[in-house]
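**Q** This is what each chain is made of:
Number of protein chains: 4
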Amino acid sequence: MGSGMARNLLRAGHELTVYNRTRAKGEALAGEGAKVASTPAEACGGEAVLSMLADDAAVEAVVFGEHGILTAATAGLIHVSMSTISTALSRRLAAAHAERGQGYVAAPVFGRPEAAAAAKLMVVAAGKPESVDRCQPALECLGQKVFNAGPEPEKANLIKVSGNFMLAAMLETFGEVFAVLRKSGVDLKLFLEIVNGNLFRSPVYEGYGKAAAEGRFEPAGFKLRLGLKDVKLALAAAEEVTAPMPLGSLLRDQFLSGVARGYGDIDWCGLARVIAEDAGLKQQ
Amino acid sequence: MGSGMARNLLRAGHELTVYNRTRAKGEALAGEGAKVASTPAEACGGEAVLSMLADDAAVEAVVFGEHGILTAATAGLIHVSMSTISTALSRRLAAAHAERGQGYVAAPVFGRPEAAAAAKLMVVAAGKPESVDRCQPALECLGQKVFNAGPEPEKANLIKVSGNFMLAAMLETFGEVFAVLRKSGVDLKLFLEIVNGNLFRSPVYEGYGKAAAEGRFEPAGFKLRLGLKDVKLALAAAEEVTAPMPLGSLLRDQFLSGVARGYGDIDWCGLARVIAEDAGLKQQ
Amino acid sequence: MGSGMARNLLRAGHELTVYNRTRAKGEALAGEGAKVASTPAEACGGEAVLSMLADDAAVEAVVFGEHGILTAATAGLIHVSMSTISTALSRRLAAAHAERGQGYVAAPVFGRPEAAAAAKLMVVAAGKPESVDRCQPALECLGQKVFNAGPEPEKANLIKVSGNFMLAAMLETFGEVFAVLRKSGVDLKLFLEIVNGNLFRSPVYEGYGKAAAEGRFEPAGFKLRLGLKDVKLALAAAEEVTAPMPLGSLLRDQFLSGVARGYGDIDWCGLARVIAEDAGLKQQ
Amino acid sequence: MGSGMARNLLRAGHELTVYNRTRAKGEALAGEGAKVASTPAEACGGEAVLSMLADDAAVEAVVFGEHGILTAATAGLIHVSMSTISTALSRRLAAAHAERGQGYVAAPVFGRPEAAAAAKLMVVAAGKPESVDRCQPALECLGQKVFNAGPEPEKANLIKVSGNFMLAAMLETFGEVFAVLRKSGVDLKLFLEIVNGNLFRSPVYEGYGKAAAEGRFEPAGFKLRLGLKDVKLALAAAEEVTAPMPLGSLLRDQFLSGVARGYGDIDWCGLARVIAEDAGLKQQ
Chain A
7 MGSGMARNLL
17 RAGHELTVYN
27 RTRAKGEALA
37 GEGAKVASTP
47 AEACGGEAVL
57 SMLADDAAVE
67 AVVFGEHGIL
77 TAATAGLIHV
87 SMSTISTALS
97 RRLAAAHAER
107 GQGYVAAPVF
117 GRPEAAAAAK
127 LMVVAAGKPE
137 SVDRCQPALE
147 CLGQKVFNAG
157 PEPEKANLIK
167 VSGNFMLAAM
177 LETFGEVFAV
187 LRKSGVDLKL
197 FLEIVNGNLF
207 RSPVYEGYGK
217 AAAEGRFEPA
227 GFKLRLGLKD
237 VKLALAAAEE
247 VTAPMPLGSL
257 LRDQFLSGVA
267 RGYGDIDWCG
277 LARVIAEDAG
287 LKQQ
Chain B
7 MGSGMARNLL
17 RAGHELTVYN
27 RTRAKGEALA
37 GEGAKVASTP
47 AEACGGEAVL
57 SMLADDAAVE
67 AVVFGEHGIL
77 TAATAGLIHV
87 SMSTISTALS
97 RRLAAAHAER
107 GQGYVAAPVF
117 GRPEAAAAAK
127 LMVVAAGKPE
137 SVDRCQPALE
147 CLGQKVFNAG
157 PEPEKANLIK
167 VSGNFMLAAM
177 LETFGEVFAV
187 LRKSGVDLKL
197 FLEIVNGNLF
207 RSPVYEGYGK
217 AAAEGRFEPA
227 GFKLRLGLKD
237 VKLALAAAEE
247 VTAPMPLGSL
257 LRDQFLSGVA
267 RGYGDIDWCG
277 LARVIAEDAG
287 LKQQ
Chain C
7 MGSGMARNLL
17 RAGHELTVYN
27 RTRAKGEALA
37 GEGAKVASTP
47 AEACGGEAVL
57 SMLADDAAVE
67 AVVFGEHGIL
77 TAATAGLIHV
87 SMSTISTALS
97 RRLAAAHAER
107 GQGYVAAPVF
117 GRPEAAAAAK
127 LMVVAAGKPE
137 SVDRCQPALE
147 CLGQKVFNAG
157 PEPEKANLIK
167 VSGNFMLAAM
177 LETFGEVFAV
187 LRKSGVDLKL
197 FLEIVNGNLF
207 RSPVYEGYGK
217 AAAEGRFEPA
227 GFKLRLGLKD
237 VKLALAAAEE
247 VTAPMPLGSL
257 LRDQFLSGVA
267 RGYGDIDWCG
277 LARVIAEDAG
287 LKQQ
Chain D
7 MGSGMARNLL
17 RAGHELTVYN
27 RTRAKGEALA
37 GEGAKVASTP
47 AEACGGEAVL
57 SMLADDAAVE
67 AVVFGEHGIL
77 TAATAGLIHV
87 SMSTISTALS
97 RRLAAAHAER
107 GQGYVAAPVF
117 GRPEAAAAAK
127 LMVVAAGKPE
137 SVDRCQPALE
147 CLGQKVFNAG
157 PEPEKANLIK
167 VSGNFMLAAM
177 LETFGEVFAV
187 LRKSGVDLKL
197 FLEIVNGNLF
207 RSPVYEGYGK
217 AAAEGRFEPA
227 GFKLRLGLKD
237 VKLALAAAEE
247 VTAPMPLGSL
257 LRDQFLSGVA
267 RGYGDIDWCG
277 LARVIAEDAG
287 LKQQ
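Chains as they are written, first to last, in the working numbering: chain A, 7 to 290; chain B, 7 to 290; chain C, 7 to 290; chain D, 7 to 290.
Calculated directly from the structure, the hints in this document are not laboratory data.
Treat the hints loosely; a few may be bogus.
Same chains, same names: a pair is fine if it fits in one copy or spans any two.
[What the hints assert, rightly or not] Mimicking DSS-like on lysine-lysine, the simulated pairs with C-alpha atoms at most 30 Å apart in a straight line are:
{"no.": "1", "residue 1": "LYS126", "residue 2": "LYS288"}
{"no.": "2", "residue 1": "LYS216", "residue 2": "LYS126"}
{"no.": "3", "residue 1": "LYS195", "residue 2": "LYS134"}
{"no.": "4", "residue 1": "LYS216", "residue 2": "LYS134"}
{"no.": "5", "residue 1": "LYS134", "residue 2": "LYS189"}
{"no.": "6", "residue 1": "LYS41", "residue 2": "LYS288"}
{"no.": "7", "residue 1": "LYS151", "residue 2": "LYS195"}
{"no.": "8", "residue 1": "LYS31", "residue 2": "LYS288"}
{"no.": "9", "residue 1": "LYS151", "residue 2": "LYS229"}
{"no.": "10", "residue 1": "LYS126", "residue 2": "LYS229"}
{"no.": "11", "residue 1": "LYS189", "residue 2": "LYS151"}
{"no.": "12", "residue 1": "LYS229", "residue 2": "LYS134"}
{"no.": "13", "residue 1": "LYS216", "residue 2": "LYS235"}
{"no.": "14", "residue 1": "LYS189", "residue 2": "LYS31"}
{"no.": "15", "residue 1": "LYS195", "residue 2": "LYS41"}
{"no.": "16", "residue 1": "LYS216", "residue 2": "LYS238"}
{"no.": "17", "residue 1": "LYS229", "residue 2": "LYS288"}
{"no.": "18", "residue 1": "LYS235", "residue 2": "LYS288"}
{"no.": "19", "residue 1": "LYS31", "residue 2": "LYS235"}
Values in this document were obtained by computation on a predicted structure and should not be read as measured data.
Could you put together the complete structure from these sequences and hints?
**A** If you want it as structure tokens, here you go:
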């Protein structure tokens, strides 16, 4: 994800210092003009530092850890946090940066690595207007659209995890329907042609529906265990405002069972496999 | 629903006898060339009899009841059953008609009354090839597309209830997300613009998302109690092949609670109201 | 079940004619003084006819079928329906018998075949007071207690299916807790000693808890597929009064998955196996 | 809870220094021989320090906070942690104390404040054998039974939260059954007499069943919001070993909805009220 984004920033003429836990990944960008840092701290010399990491723990390590962003950043630097993280951590990051006079913009994205490489991400940015404004040019290098979700950073994170929750809900829906159709002998492609081709007409349904119908779960575009992580983020955000999400709970249990069965590293649309097994079906 | 369909058949030059439990509804079509029948039996004089009714019970009454289709129909007549009914009843109808040398085609449709009036329904037809072929011209008057789901009629019904199940799942998804977003102070329209406008890009998400976001549940385009009926049909079809549908079970419980709370006659996207109440929100 | 009950009636001096679909089962009682009937109708010559059958379909066949109870019974005869059946069928039986001047008492029982043999069933009787009173002596031969659940027969059936629902809920509870404890390395027997031995202190928890902890699912005391049937009866009764039972729905899905996985004939506490598999555990 | 336990320790002749955030509560025990501490640190002068607090956060504050147990305790002192806390925190406490040469015993209890006052708690202790042995006499003053759950402290916590999960599951079960019975017009007391009096025969079912049947939810013996906390602890423990608990998820959602509806401070058997509302029932 990060390397595609980095290339787009370099192409747009930005000066860039890159850091990756696996140094070789950073060095691959050196030929394209990036400086390579050995610690997150070394990547904090510019106007903004963009982070794109796997989960809350990774972001906490890079920000609060030794040689982390928080202590390295000068006042005025803006941390643009693009990872899919919890609203709670986003709130905590905003407070920690503010305390040191640093800016913080949450700017999670929709889109896979291919979209990142093609500068076709959708970016949902939120934070103090002046901070968001200053980052806007960089964000526009990365995505085809940059949405502004207002002054509270965690709202951007909430929108991101809610979007992913909706995708996960679609995967469960496909999984349940496909198990029944398979056991009933209905052709899944015909079903998709009718129901998505003429009713939902969604490219997302098209793509995931096809993959689930064909049992094409590897290589993973987005791993099932990350699906579990994101559903948990949605549930945590809902709990902050005391709202039950029974479908969210179901999704959490299904993904958790998928990981327990050893499917953590297949694509998250492999939820269909968990559901098929529960219906007594052998693997496709 | 039926009157729009009837007009399209008349316009295409078909001879038509109409029957409705409420005779006035049939008579409204007399001026356009339809004969009006007093019983289902009287509507069985042509090559085919099309039925479009609310539920299994209504279809059973019209087919198996006194002055019903089964005893009135001559051998060779085809019953085109277009209602959203159970796979079990469809199978039973096929057998009963076959026993008397009558044809049976299941041809449920996707689309609301407006689509029926505009001949823009999507028809999913299944049955013996020769029967489906004979009905094809009539079905083409009614919809923009006619899909052929093979020789077993109940497969068409299964596709229909599975499609409706997917819609219901989407409504639950919107309901849960919107409750959290409302309690968190995120603008629902912005969310829809981001997540549907750029990710799902589905006209169905667009329409229902907007209605649910605005709390526009009346007048009902499709009543919540009919949503309950359709989810139950999906669960029944799943049970026939011994497949659990945990999301289906959740939907059933939510719709059932909606009816218990007195919301049976609002639009089925009013599921969002049930969910909002469970999150402690007052009505929009 | 039936033979134990029959013996207790004979022992108490009642004249008894027995009918079983498998004639040999009836004949086994001939030596103890029972007459053996070839049809349900032939067993209707006394004051009352007691039925104890597997499910709604079996009761419908015996009552409404050819040579069935309904047409054979004289006015005044009381049908004592002791099977675990739906409230809907119980209501329908009451009406059908009343129409012919026959009595109808619903008298489902709690207890396994051993309890039936030992005359230790618990009987829940409901129906018109005069009918229940007349059956009382026979019912007292069969069980250690006879409860009167009032004049509406289906109330007795509702109490019975609700009781079984509570047992099923306990089985799910054990299943989930045991999967976690097993994966965590906690001794299940110690857990049972603490939590049932000192907290719940229920003989039912004791028995089922031990069986589930030991993975002793065969031979089945009560088959998993019958557990599915009873949960469905509870859900059907709840639906009649428009009440959602989300735990009921979960139970239905779990039992259904158990049947789909091929566990329909193990004991219903084998629900623990389904749950263990979902947690990635291999069979005990 | 704490004051009853303190009295039993004093009665048994132990020297006791007490600390409570609300100093007055501690002072109430001064007349009975307890010294009163102003900070947790001041209560660490003896051989062992027993903590009984509301939740993880309270324990963390008292142990890791300023003037907390961790820094005040000398090597050799044993922290007996009796609160219902997460397995994760228990593990963390064990490690932190071990690092300083301090002992740690997890010893959560079953029983309400009345049981604590009457020295009738059930204690589940776990930790290094020598530590548990040394605490044994003190624990025996507090409860009627002390179980040893082995050398890993968090196992005791897991047993405790699993036990509470089983209670919560029973409350949901009662809630669902009672909603159906109430809407069906069946007397709840008769039902309890039959199903608990003769089948489950559990004093816990008796007590909670009666309270739920009568709608007696105040004053709270154990608050609904604490029920939510405990179910979340069970789910967290299950997640540590990658085990889904679908009933646990349902319980979490129901309790969460209860809190959202404003019922956080009624007794946790008030779950029945949430369920009754979902069935369209007005408050009892």
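**Q** Which holds for LYS134 with LYS189 at a C-alpha limit of 30 Å: within a copy, between copies, both or neither?
**A** between (53 Å within a copy, 21 Å between copies)
**Q** How do LYS126 and LYS288 come out at 30 Å by Cα distance, when the copy is not named: within, between, both, or neither?
**A** Neither way: LYS126 and LYS288 sit 38 Å apart in one copy and 39 Å across, limit 30 Å.
**Q** One pair to classify: LYS151 and LYS195, alpha carbons no more than 30 Å apart. Within, between, both, or neither?
**A** between (32 Å within a copy, 16 Å between copies)
**Q** How would you label the pair LYS195, LYS41 (within, between, both, or neither) given a Cα cut-off of 30 Å?
**A** neither (49 Å within a copy, 41 Å between copies)
**Q** Reference check for the pair LYS31 and LYS235, CA-CA at most 30 Å: within, between, both, or neither?
**A** within (24 Å within a copy, 43 Å between copies)
**Q** Can you give me the call for LYS189 and LYS31, within, between, both or neither, at a CA distance of at most 30 Å?
**A** Cα proximity of LYS189 and LYS31: none, with 46 Å in one copy and 38 Å across.
**Q** Is it within, between, both, or neither for LYS126 and LYS229, if the alpha carbons may be no more than 30 Å apart?
**A** within (21 Å within a copy, 40 Å between copies)
**Q** Is the C-alpha distance from LYS195 to LYS134 at most 30 Å within one copy, between copies, in both cases, or in neither?
**A** Between. Shortest inter-copy distance 21 Å satisfies the 30 Å Cα cut-off; intra-copy 47 Å does not.
**Q** 30 Å Cα cut-off: does LYS216 pair with LYS134 within a copy, between copies, both or neither?
**A** Answer is between: at 28 Å across copies they meet the 30 Å cutoff, but 41 Å inside does not.
**Q** Using 30 Å as the alpha-carbon threshold, which applies to LYS151 and LYS229: within, between, both, or neither?
**A** This pair counts as within: shortest intra-copy Cα distance 25 Å, inter-copy 37 Å.
**Q** Using 30 Å as the alpha-carbon threshold, which applies to LYS216 and LYS238: within, between, both, or neither?
**A** The answer is both: 26 Å in one copy and 26 Å across copies each meet 30 Å.
**Q** Given a CA cutoff of 30 Å, do LYS235 and LYS288 count as a within-copy pair, a between-copy pair, both, or neither?
**A** This pair counts as both: shortest intra-copy Cα distance 27 Å, inter-copy 25 Å.
Checked against the numbered hints given earlier, the structure breaks hints 1, 6, 8, 12, 14 and 15 and satisfies all the rest.
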